[in-house]
Each structure stands twice: as structure tokens, then as C-alpha cells.
Amino acid sequence: MTSIVLDGLVQGLQLALLSVGVVFVYGLGGVLNLAHGQLAVAGGLAVAILRSARWHPLLASTAGVVVAGSLALLLDRTLLRAAYARRGEERLLLGLILTLGVSFALDGFYALGAPNVALTLRMPSPSLEILGVRVRTASLAVGGLSLLTFAVLLAFLRGTRVGQAIRCIIQNEVGAVLCGVDVERVRTLTLFVSGVLAGVAALAQGFSSFLGPEMGTEFTILAVIVAVVGGVRSLTGTFLASLLLGLVNSALSYTVGTYLTWIVLLTVAVLTLLVRPEGLLAYWP
Amino acid sequence: MLRAAAPVAITALLLVAVPALVGGSSYGLRIASLTVIVATYAVAFNLLFGHTRQLFLCIGALAGGGAYGFVLLVRDLRLAPPLALAVVAVGVAAFGAFLSYVSIRRGFGVLFVGVVTLAVSIMFHNLLLGLRQYTNGETGLATRGVGFGLGNAPQEGYLVLVGVLVAALAGHQALLRSRHGLAFQALGEDELSAALSGIDVTRYKVGAAAVASGLIGLVGALYADVNGFISPSVFALGHVDIPVFVALLLGGMRTLLGPVVGAVLFSAVDEVVRPFGQLTVLTYGTLMVVLFLLFREGVVPAVQRVLLRAWARRLRARPTPPGVEGEPVAYVAAPRTVLPPEGRNTASEGGKASARDPSPR
Numbered sequence: 001m002t003s004i005v006l007d008g009l010v011q012g013l014q015l016a017l018l019s020v021g022v023v024f025v026y027g028l029g030g031v032l033n034l035a036h037g038q039l040a041v042a043g044g045l046a047v048a049i050l051r052s053a054r055w056h057p058l059l060a061s062t063a064g065v066v067v068a069g070s071l072a073l074l075l076d077r078t079l080l081r082a083a084y085a086r087r088g089e090e091r092l093l094l095g096l097i098l099t100l101g102v103s104f105a106l107d108g109f110y111a112l113g114a115p116n117v118a119l120t121l122r123m124p125s126p127s128l129e130i131l132g133v134r135v136r137t138a139s140l141a142v143g144g145l146s147l148l149t150f151a152v153l154l155a156f157l158r159g160t161r162v163g164q165a166i167r168c169i170i171q172n173e174v175g176a177v178l179c180g181v182d183v184e185r186v187r188t189l190t191l192f193v194s195g196v197l198a199g200v201a202a203l204a205q206g207f208s209s210f211l212g213p214e215m216g217t218e219f220t221i222l223a224v225i226v227a228v229v230g231g232v233r234s235l236t237g238t239f240l241a242s243l244l245l246g247l248v249n250s251a252l253s254y255t256v257g258t259y260l261t262w263i264v265l266l267t268v269a270v271l272t273l274l275v276r277p278e279g280l281l282a283y284w285p
Numbered sequence: 286m287l288r289a290a291a292p293v294a295i296t297a298l299l300l301v302a303v304p305a306l307v308g309g310s311s312y313g314l315r316i317a318s319l320t321v322i323v324a325t326y327a328v329a330f331n332l333l334f335g336h337t338r339q340l341f342l343c344i345g346a347l348a349g350g351g352a353y354g355f356v357l358l359v360r361d362l363r364l365a366p367p368l369a370l371a372v373v374a375v376g377v378a379a380f381g382a383f384l385s386y387v388s389i390r391r392g393f394g395v396l397f398v399g400v401v402t403l404a405v406s407i408m409f410h411n412l413l414l415g416l417r418q419y420t421n422g423e424t425g426l427a428t429r430g431v432g433f434g435l436g437n438a439p440q441e442g443y444l445v446l447v448g449v450l451v452a453a454l455a456g457h458q459a460l461l462r463s464r465h466g467l468a469f470q471a472l473g474e475d476e477l478s479a480a481l482s483g484i485d486v487t488r489y490k491v492g493a494a495a496v497a498s499g500l501i502g503l504v505g506a507l508y509a510d511v512n513g514f515i516s517p518s519v520f521a522l523g524h525v526d527i528p529v530f531v532a533l534l535l536g537g538m539r540t541l542l543g544p545v546v547g548a549v550l551f552s553a554v555d556e557v558v559r560p561f562g563q564l565t566v567l568t569y570g571t572l573m574v575v576l577f578l579l580f581r582e583g584v585v586p587a588v589q590r591v592l593l594r595a596w597a598r599r600l601r602a603r604p605t606p607p608g609v610e611g612e613p614v615a616y617v618a619a620p621r622t623v624l625p626p627e628g629r630n631t632a633s634e635g636g637k638a639s640a641r642d643p644s645p646r
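Chains as they are written, first to last, in the working numbering: chain H, 1 to 285; chain V, 286 to 646.
Calculated from the structure, these hints are not laboratory results. Yeah, the Cβ is synthetic: ideal placement off N, Cα and C, and Gly gets one too. Please note that the accuracy of each hint is not assured.
Sample of chain V residues at the chain H side, in silico, Cβ under 8 angstroms [claimed, not checked]:
1. L357
2. V400
3. M408
4. L414
5. L444
6. V445
7. L564
8. V566
9. T571
Label pairs and their calculated CB-CB ranges [claimed, not checked]:
10. H:L274 x V:T424: 33 to 41 angstroms
11. V:D485 x H:M1: 50 to 58 angstroms
12. H:V275 x V:L416: 24 to 32 angstroms
13. V:W596 x H:A63: 57 to 65 angstroms
14. V:L467 x H:L271: 43 to 51 angstroms
15. V:N437 x H:R276: 51 to 59 angstroms
16. H:L271 x V:V375: 25 to 33 angstroms
17. V:G313 x H:R54: 48 to 56 angstroms
18. H:T267 x V:W596: 50 to 58 angstroms
19. H:V275 x V:V375: 25 to 33 angstroms
20. V:R417 x H:L274: 25 to 33 angstroms
21. H:F210 x V:T571: 50 to 58 angstroms
Model the full structure from these sequences, guided by the hints.
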């Protein structure tokens, strides 16, 4: 029982890492990034390739995260500019279609260029005994990595001027502009941060099982569903939704089969939307 | 009236002539059948997304529901094929209408409808895999000989599919030329204004969803019959929804012939890149991005514009040409794309300082 809950929490944290980036970009730019999972895969594959080139694990991981961030930056500076030139639903649609196209292009590129690359990060010992419960060290690593990332993220949002500007834009873009916030620059920074978060999520996936070139779409779908359930603009809501879906997922995979788990998981997500279309928490904390 | 019927009639003639053109090659006929199927899905998706802005990302699931429903009804419940086809079409239509109604009631915007229908299509996929005793899981079902037996007569199968497509096109045109056409036009441009001018938005959207879903379900069932084999992966998102989406964008949203032209172009591109395996996905993605950035309105509106310009030049050269003042090219003449050309919205407000998206829903 304890191990199921623990597993669920860790899965939830990993989901949160993946979806926070989507929430950020949507909240700030009004673009739902459907290539987010592919960014994560880019980071993960980069780490795997560098590892096979005998780079130090820490160095390779950092490089992978930077690769994911840079790819997001490139996306922002090139294609998404066209979307940002519009507003409201037009922007959303154009962003949706452009990022969907990018996600396919990247998927094809990975399948073509790195079909057999996969990322697995092994811990020195497979499991530990803590307070009488056997815990996978991988789970500890994922949990620690996620919590550390969120702590840094929160400190950044609460403590720095840029973080303040980000929260300001999420609340009201016009107001932020009137207060002298350079929306475009903050948006670019946010996309970079979301890419970095995707890279970290890829590392977490590498710890808990493995990451292959074909997993981008699955990541994107998970991230988008969690983000929508959590309320597309709320960080805390996303966090809660991730933990909820992580727990449901781990409890169900233990009791019923994989297929039914997916069905129930998605039903939970859809029902949450029906009951609270604003998401669990509608606004930023 | 005659002039208005010409585009659909010419399309029908061209499509009927295809079997003679491919010279009875079964491979060519198969590709043609698949193209017609994608075109029909795209007609339905045009009604859903182009006209009423309902981003249904479950076309594959609706089609698969039709296909599996049809096969199970005929094979296990021994229903007569025509009856089963009707039951399936009505059932899928009801499901689509339900999705649409719930979305409207809960005030979901484009994005949420997209996410909910995406969830529906993943659920459907897992349902097919899970209910192995009925669906045979990933292995799929052999459907040859079940139903009308079109799988053994590819020529007839192709003609039936063409018949459905032409009927759908004619229906689409009749609908838009009718009293309701104006309502659909208004809805597609601005929902709030449409509602304020007395259009029952809910009724039109749910109606459109029902008709489109019914059509998708029907074609899905026919696909099972013609193809002789169905499996979860032939109705997967990447196999149905994405080609349909790209075909519609390519051909031109909210145009009569856009879905057909787009499907034909898409099939042509697909044939060219197919030998390269994984290159196809890369090509689709790149194509989608490039097309949408540079060529947003689609092929049909662009061609129409060129033709109209040439026509206008001729008109200017001859002050009173005979027979031109009849019917104009009707609604297809100047469709507004969902995403207007650059500068339309931004000119007055300034892209950078624009107000942000008012609501995520």
C-alpha cells in the first residue's frame, strides 16, 4: 500500500515536471505547445548520445537540458513569432497547428536520425530500505529532482523581478505592458524555461524507466491533459492534478490492467473538466 | 442552379473516371479508395471545424466506432448489413451530438473541445485493445465477406465510396445555399455576433456535429467492408485525424471542394514519400508548418482568387458580357479563412501590446 502511494506520488511529480512547462507557455503566450513532449525527447536523446560518447553523467545531463531549452528558444524566435502576431483564438489555433507540425517533424527526425537511441540512467544501487519500506533509488532520484526543480522555480517566480513580471503577464498582459514589462522578452525567457523543464522531465523519465525516440507524443498528450485538468494557468493546480493523476495511475496499474488504467485516467480527467471547466484551481496562487 | 451544380458534377465525373485511368490496377484503385475516404472525412471535418469551430480530434475514433460497430452487428448479432449501417451511422451521430452538446453546455472553447475529444480518441484506442474477445486487440479483425462483400469487388466498393462523397458534397452545398447557410457562415466568422443576431448557436453546432459524426461513422463502416481488415492502428490519430486535418488545410477550409483537392494532393505527396519510411512523418510535419505559414488559406481559395481576377479583367475589357450576370460563384467565391491574413487583426491593435487571450475556455 505504502509503495503504491509512494510510486503514485513520484509519478505525479514526474508528470508535474512535464506539464508545468506547458502551463507556463500557455499562461504567458496563449499558445498550447504541442511539441513539448518532443522537446523533452530531444533533451533525453542528447543525454543518451553524449553518454555513449563517454561524457560525465552530470555534464551530459546538463548539456541535454540545455539542448531542450535551446530548441524551445529556437521555436520561439522563429515559428511562434507568427503566432504571437495574432491574439485570442487566432493565436491559439495558429500556435496549435504550428507546434503540431513541429512535433511531427521532430518525431520523424528522431525516428530517422536516432532510431535506436534510448536513455536509461542507472543508480548505483537499485533499492534502499527506509523506515521499513523498500524504495527504488530511482524513485528517490525522480522525487528529489522534481522537488528541487520546483523549489528553484518557485523561488524564481516569487523572488526575482523577472518572476514577478511573469506572474504579472499571466494575470493581465495589457496591464503588464502598461507597467513597462517587455512582454516579448519575458515570453522568450519563459519558453526557454519550459524547454529546460522538459529536459529535466526527460532526465526523470530516464531515471524511472527509459526514454525512446518515439515517446514525444505520449509525453505531450499527458502534459496537455494534466495541464488542462489543473487549470491551464495555475501552477499549484497543475501540481495537484499531477499528483492526483499519478496516484490514480499507480493504484489502477496495480489493480486493473494497463488499458483500463488509461480509460479510467482519461475519464477522471474529462469528469474533472466537466465539473470544473476552469480546472481544479482556476487562478495563479 | 445548373452552374452551381457544375463543380460537384465535374468532381463526380472525374472520380468515376479514375478506375479507367488506373487501368484496373488493384493498387491504384486502393489508393483512390483511401483518397476518397479521406476526402469524405475532410468534408465532415470541414463542417465541424471550418464552419462551427468544433475541433473534434476523434475522427479516427468515430470512424473506428462505426467500423467495429458495423462488423460486430453484422457478424455477431446477424443484423442485415443495410440495417447495421443505419444503426451505426445513427449511433455515431448521437455520440458526436452528445460530445458537442456537453461541450457547449460546459462552455468549452476550441482548446477544451480538442483536449476532450483527444481524450476520447485515446480511450477508444485502449478500449479496442482491452476488449480483446470482441475486437481481437492489436491483431485486428478480418472483415472480408462480412457486410456487403465490397472487399471482394474493389471497383464497386470504390464507386460506393465515391457515391457517398458526392452525396456529402451535394448535401454540403445544398445546406450552405439554403436558409441555414447564412447561419453557418455567420457562426464560422463570429459566434457571439451570430448568437446576438438571433441564431440558435447550440442547435446549429450540435446539428453540425451530429451530421458530420454520422457521416464519419458511415464511411468508417464502409471502410471496414471495402478494406477487408480493421485494427486499432488503422483508426489511430496519426492515420486518420492528421491526414484529414492536413488535407483540409491544404485544400482550403470552408470551401466546397477544398476537402477533395486537399485529399488528392495529400495522397500524391504520401505516395511520393512512402518509400522513404520514416521520412513521411517528417514530411507531414514540415509540410504542415510551411503551408500554414506561407499558404494559410489553402489551394482552392487561391485558385479561385486567380480565376476571379482573370474573370474581372475580362469583364472590364468587355462592358456587357453575355451570361455572366447569372449566378455568381456563390459562397465559395470569397471564403474567409479561419486565420485571416497577416495584419488583419494586428494592424489596429499592434501585436506586441495586444490584450491576452480573454479566456482559456
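Hints, one by one, checked against the model:
1. Interface hint status for L357 (chain V): violated, as the beta-carbon distance to the closest one in chain H is roughly 18 angstroms, over 8 angstroms.
2. With a least beta-carbon distance of about 5 angstroms to chain H, the hint placing V400 (chain V) at the interface is held under the 8 angstroms criterion.
3. At a threshold of 8 angstroms, the smallest CB-CB gap from M408 (chain V) to chain H is about 5 angstroms, leaving the interface hint in force.
4. Interface restraint check: L414 (chain V) against chain H, minimum CB-CB distance 5 angstroms, threshold 8 angstroms, status holds.
5. Among the interface hints, the one on L444 (chain V) is violated; its C-beta lies about 33 angstroms from the nearest C-beta in chain H, farther than the 8 angstroms criterion.
6. Hint on V445 (chain V) is violated. Least Cβ distance to chain H is approximately 32 angstroms, over the 8 angstroms limit.
7. Evaluation of the L564 (chain V) hint against chain H yields a held restraint, the C-beta minimum of about 6 angstroms falling below 8 angstroms.
8. Checking V566 (chain V) against chain H: minimum C-beta separation of about 3 angstroms stays under 8 angstroms; hint holds.
9. Hint status for T571 (chain V) relative to chain H: holds, with the closest Cβ pair at about 5 angstroms, below 8 angstroms.
10. Look at L274 (chain H) against T424 (chain V): about 35 angstroms separates their beta carbons, and that is inside 33 to 41 angstroms.
11. As the Cβ distance of D485 (chain V) to M1 (chain H) is approximately 53 angstroms, the hint placing it in 50 to 58 angstroms holds.
12. At roughly 28 angstroms, the beta-carbon separation of V275 (chain H) and L416 (chain V) lies within the given 24 to 32 angstroms, and the hint holds.
13. At roughly 59 angstroms, the beta carbons of W596 (chain V) and A63 (chain H) sit within the given window of 57 to 65 angstroms.
14. Separated by about 38 angstroms at the C-beta atoms, L467 (chain V) and L271 (chain H) break the suggested range of 43 to 51 angstroms.
15. Here the CB-CB span from N437 (chain V) to R276 (chain H) is close to 52 angstroms, well matched to the stated 51 to 59 angstroms.
16. Roughly 26 angstroms separates the CB atoms of L271 (chain H) and V375 (chain V), a value that falls within the hinted 25 to 33 angstroms.
17. Remark: the range hint 48 to 56 angstroms for G313 (chain V) to R54 (chain H) is upheld by a beta-carbon distance near 52 angstroms.
18. The supplied range of 50 to 58 angstroms is met by T267 (chain H) and W596 (chain V), whose beta-carbon atoms lie about 55 angstroms from each other.
19. Judged by the Cβ atoms, the range 25 to 33 angstroms given for V275 (chain H) and V375 (chain V) holds: they are separated by roughly 29 angstroms.
20. Separation of R417 (chain V) from L274 (chain H) is about 29 angstroms and conforms to the stated range, judged on CB atoms against 25 to 33 angstroms.
21. F210 (chain H) and T571 (chain V) have their C-beta atoms about 28 angstroms apart, which leaves the hinted 50 to 58 angstroms range violated.
Checked against the numbered hints listed earlier, the structure breaks hints 1, 5, 6, 14, 21; every other hint is satisfied.
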